[in-house]
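2 protein chains.
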Amino acid sequence: MENTIKGATQVISINQLLEHWQGHRRLTRKVIAIFPEDELFTYSIGGMRPFADMVMELLGIAEPGLREIVTGQTAQLNEHFDHGNSKAKLLESWDSATQQLKELWAQMEGTDFQKQIVSFGQFPGTVQSALFYFMDNEIHHRGQGYVYLRSLGIEPPMFYDRS
Amino acid sequence: MENTIKGATQVISINQLLEHWQGHRRLTRKVIAIFPEDELFTYSIGGMRPFADMVMELLGIAEPGLREIVTGQTAQLNEHFDHGNSKAKLLESWDSATQQLKELWAQMEGTDFQKQIVSFGQFPGTVQSALFYFMDNEIHHRGQGYVYLRSLGIEPPMFYDRS
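Here the protein sequences come in this chain order: V and G.
For the first sequence, position 40 (counting from the first letter as 1) is numbered 40 according to this note's numbering, and the numbering increases by one without interruption.
For the second sequence, position 19 (counting from the first letter as 1) is numbered 182 according to this note's numbering, and the numbering increases by one without interruption.
Hints in this document: simulated from the structure, not taken from any laboratory.
All values derive from a computational prediction rather than experimental measurement.
Don't take every hint at face value.
Think about it this way: if two alpha-carbon atoms lie no more than 20 Å apart in a straight line, the pair counts; the simulated SDA-like pairs of lysine to any residue are [as the list claims (entries may be wrong)]:
{"#": "1", "chain 1": "V", "residue 1": "Lys87", "chain 2": "V", "residue 2": "Ile32"}
{"#": "2", "chain 1": "V", "residue 1": "Lys115", "chain 2": "G", "residue 2": "Gln179"}
{"#": "3", "chain 1": "G", "residue 1": "Lys278", "chain 2": "V", "residue 2": "Ser13"}
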């Protein structure tokens, strides 16, 4: 059983961790999709970034960060790309990263999640702490997107809906 | 080594998961502490709950939810208690729950994290999916608290500061 190591249960298995992440990514995608296109790139509260900028940060972390873990090649942190203020382009980048995560994850079998690494050449931790940081950071910023949506009079997707 | 099961590494060990959770709890505590006391109980954006109400939800989930996992006794979901609009009282409840989590966690050794459970008698999942849901929900609402703080002109604690 993939959920066990030599008969003892894992807290969370490698495959469960990917599914957990992808579930969060599906929810974040819904939040991007429900944003009015103008406000996605312009709307701000309290001097914070528009939600699209937060999404670019998430895009800059997830796939490059996992690729770095899988290949051992230091990744560059790049939180910007030319989206042309297009929601479709942002969603396309999101879906592309989701697919790449899936492909990269297929190489994670046998990975030592306790291995010390330095993400993006600057953030020391372990494979597991880096991955959880990537996910936690997505949840954090998505929660902020919820407030933006509510203040725009738009009901966000249910937090527990990971379909 | 606690990070291994019979020689193979865990994705995240039982002790690491508690430390991960407690790190998030330390950050959430900072967010509660930095809120102006009035606004903690009254300030709202887009018709959402004041941050204190979100904190009461988190208090209603974490310790009762873990106690249910440890004891097998169905917990009641109670997201309200008499805080008297006192930040000190909210922080006291937070610290009490943090301590109880630590004590309950000492009984988690040997727990089957893949066991099917029904949290609060209504949310089906596994021990691991329930625990991650509790943590993710905290990160989600805390992120919303960050927006409240920014819109009040207050700089929130750094997201990566779990000290």
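Original post:
What are the numbers of the hints the structure violates, in ascending order?
Top reply: none
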